[in-house]
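Here is how the chains run, residue by residue.
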Amino acid sequence: MNNSFLTIAMPKGRIFEEAAELLRRAGFRLPPEFDDSRKLILEVEEENLRFILAKPMDVVTYVEHGVADIGIAGKDVMLEEERDVYELLDLKISACYLAVAGLPGTKISDIAPKIASKYPNVASSYFREQGEQVEIIKLNGSIELAPLIGLAERIVDIVSTGRTLKENGLVEYAKIANVTSRLVANPVSYRIKEARITEIVERLAEIIE
Amino acid sequence: MTKPFMFEKPLGMRDTLPVLYETKVSARNKMSDEIKKWGYQFIETPALEYYETIGEASAILDQQLFKLLDSQGHTLVLRPEMTAPIARVAASKLLKQQIPLRLAYSANVYRAQQREGGKPAEFEQIGIECIGNKSISADAEMIALLADALKAAGLQEFKISIGHIGFLQEFFLSILGTEERASILRKFLYEKNYVGYREHVKSLPLSSIDKQRLIEFTSLRGSEGTMGKALGLVENNKGQDSLAELKELSAQLKEFDVEQYVSFDLTLVSHMSYYTGTLFEVYAGQVGSPIGNGGRYDNLLEKFGWNASATGFAIRVDRLAEALGEPIQPVAPECILFSPERRLEAIGFAREKRSEGKSVTIQDITVVQNVDAFTRTFSEVHLFVGNGGNGKDE
Chain A
1 MNNSFLTIAM
11 PKGRIFEEAA
21 ELLRRAGFRL
31 PPEFDDSRKL
41 ILEVEEENLR
51 FILAKPMDVV
61 TYVEHGVADI
71 GIAGKDVMLE
81 EERDVYELLD
91 LKISACYLAV
101 AGLPGTKISD
111 IAPKIASKYP
121 NVASSYFREQ
131 GEQVEIIKLN
141 GSIELAPLIG
151 LAERIVDIVS
161 TGRTLKENGL
171 VEYAKIANVT
181 SRLVANPVSY
191 RIKEARITEI
201 VERLAEIIE
Chain B
1 MTKPFMFEKP
11 LGMRDTLPVL
21 YETKVSARNK
31 MSDEIKKWGY
41 QFIETPALEY
51 YETIGEASAI
61 LDQQLFKLLD
71 SQGHTLVLRP
81 EMTAPIARVA
91 ASKLLKQQIP
101 LRLAYSANVY
111 RAQQREGGKP
121 AEFEQIGIEC
131 IGNKSISADA
141 EMIALLADAL
151 KAAGLQEFKI
161 SIGHIGFLQE
171 FFLSILGTEE
181 RASILRKFLY
191 EKNYVGYREH
201 VKSLPLSSID
211 KQRLIEFTSL
221 RGSEGTMGKA
231 LGLVENNKGQ
241 DSLAELKELS
251 AQLKEFDVEQ
261 YVSFDLTLVS
271 HMSYYTGTLF
281 EVYAGQVGSP
291 IGNGGRYDNL
301 LEKFGWNASA
311 TGFAIRVDRL
321 AEALGEPIQP
331 VAPECILFSP
341 ERRLEAIGFA
351 REKRSEGKSV
361 TIQDITVVQN
371 VDAFTRTFSE
381 VHLFVGNGGN
391 GKDE
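Line order of the protein sequences matches chains A and B.
202 is the number that our numbering gives to position 202 of the first sequence; each next residue is one higher, with no gaps.
284 is the number that our numbering gives to position 284 of the second sequence; each next residue is one higher, with no gaps.
One or more hints might be untrue.
For lysine-lysine, the following DSS-like pairs were computed, each having C-alpha atoms within a straight-line distance of at most 25 Å [unchecked claim]:
hint : chain 1 : residue 1 : chain 2 : residue 2
1    : A       : Lys138    : B       : Lys151
2    : B       : Lys192    : A       : Lys55
3    : B       : Lys119    : A       : Lys55
FYI, nobody ran anything at the bench for these hints, they're computed from the structure.
Only chain A is shown next, with the shape it has when bound in the complex (with noise of 0.2 Å):
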């Protein structure tokens, strides 16, 4: 089976130029056309391999359900969506962090504050675990809006230069979790197609750090 066909899920957008580049140097042959298709399944049939391109925040979701093998997810969408996924490697890409942010010299409500985030699980479970009851609002992006025009006191979102909060004028209240691009593979396909997936695993670790 060391020769089985493997579905990987990739990361579109921000973290879709690492990821592949990653790729390129482990040794695999990837498609020219690669970065700027607009296909969404891509075949390299001389690696037997098919690519998926996915939304970061849905790979896990098609590596858990097994239309993926495997597929490179940040930790980030891993904490939020906590699917049935194993977690391989750390890519050691896309490194960024989960913070909380506001506006600057600004203490949060003592009842129920509201949290504005793009992940409601990780910062729920973040205040829980501080012992602060709050109300979490989901937002679907644009999450530094949220505190400027008053929808909510405190942001859960990814920073990774800090720019975007300094341009609007916010500030860091706390770091989370550091967030990095990982490999991540199905339960089922790791067993079946364990020699395939490990031999990635290990065309990628040696390259890492």
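Got chain A; can you put chain B on it based on the hints?
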């Protein structure tokens, strides 16, 4: 909460329509025939059990249990699995008659879903328990019977991964010293978080050799050399005993001629916390989750006041049906359409057909609004309409 629509069912509950029904029946029957051939007896237990007995003995998380109160105020649970109820029956009655005891079941179990309502909260398991049998030949019997039953059900390709929770536990304890520390590492394995596992190992105050041993542990899976590598990692006798058990098991599986279906994976941990020795999971390539699992549980019977070791497995029938791939179409019956004055004739004809083993629907034609639409699904149509004439085939 909004009022449910009339056609809605509680979260996670599903209807089984004819095609899936037939597919499941066929898979279940083939498996249970094979299980009976190995001398296991089927039993049934109630769907409702006491929370204090089955609920607590079961390895299913508390928040996944469906709980309700009976009229005396006792908390009840819908059984979340069958092993604990079987252990209860065995301990209270059957073990007094025979040891070792071989029992089988096919039953629906209930587990409340935490998220994504689409996943079934009620599903059928077919499985066996061999109680009062401490020998490795009982472990081998489980796996051999499992493989034979899956083959009998028509599954061509599947893989059984075998681990040993005792080995894992002793290995961790020998390096880490305390159960508390071992449980942290076990949790990483259980959560399938190898990155977290490695980071945690690096942060521990251990010698670099021990750290290396812990990290190499995660590669004790798959290919042939697993057992040899494992032997190189253990120091204490206990870990070696577990490995010797697995070696013996491996040899016995060759005798059963099922070794091509199994591989050893010492990193395997289960959500079933009562396992004490060998444990295993079954995978079929097309299905994204294990189709079944099993293992040895030597301490569960104690909870029911009987000191006996046991081993067993359970297969999820819905996932097995998915793995089999080919849905089984129900056999289309024949149809007799009759007008009231020829009803007697139609009834006689239908009785004759049924005695030949055919399925026959009889229908008064006067209430059928669209004959073409009604008769479309039947394999054959016989008309007993109007005066005289014989049943005419269409």
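Quiz item: Are Lys119 (chain B) and Lys55 (chain A) close enough, with their CA atoms no more than 25 Å apart?
Solution: holds, 22 Å
Self-check item: 25 Å Cα cutoff - pair Lys192 (chain B), Lys55 (chain A)
Solution: Given that 25 Å is the threshold and the Cα spacing comes to 23 Å, the pair holds.
Quiz item: Are the Cα positions of Lys138 (chain A) and Lys151 (chain B) separated by 25 Å at most?
Solution: violated, 48 Å
The structure is inconsistent with hint 1 alone, although it conforms to all the rest.
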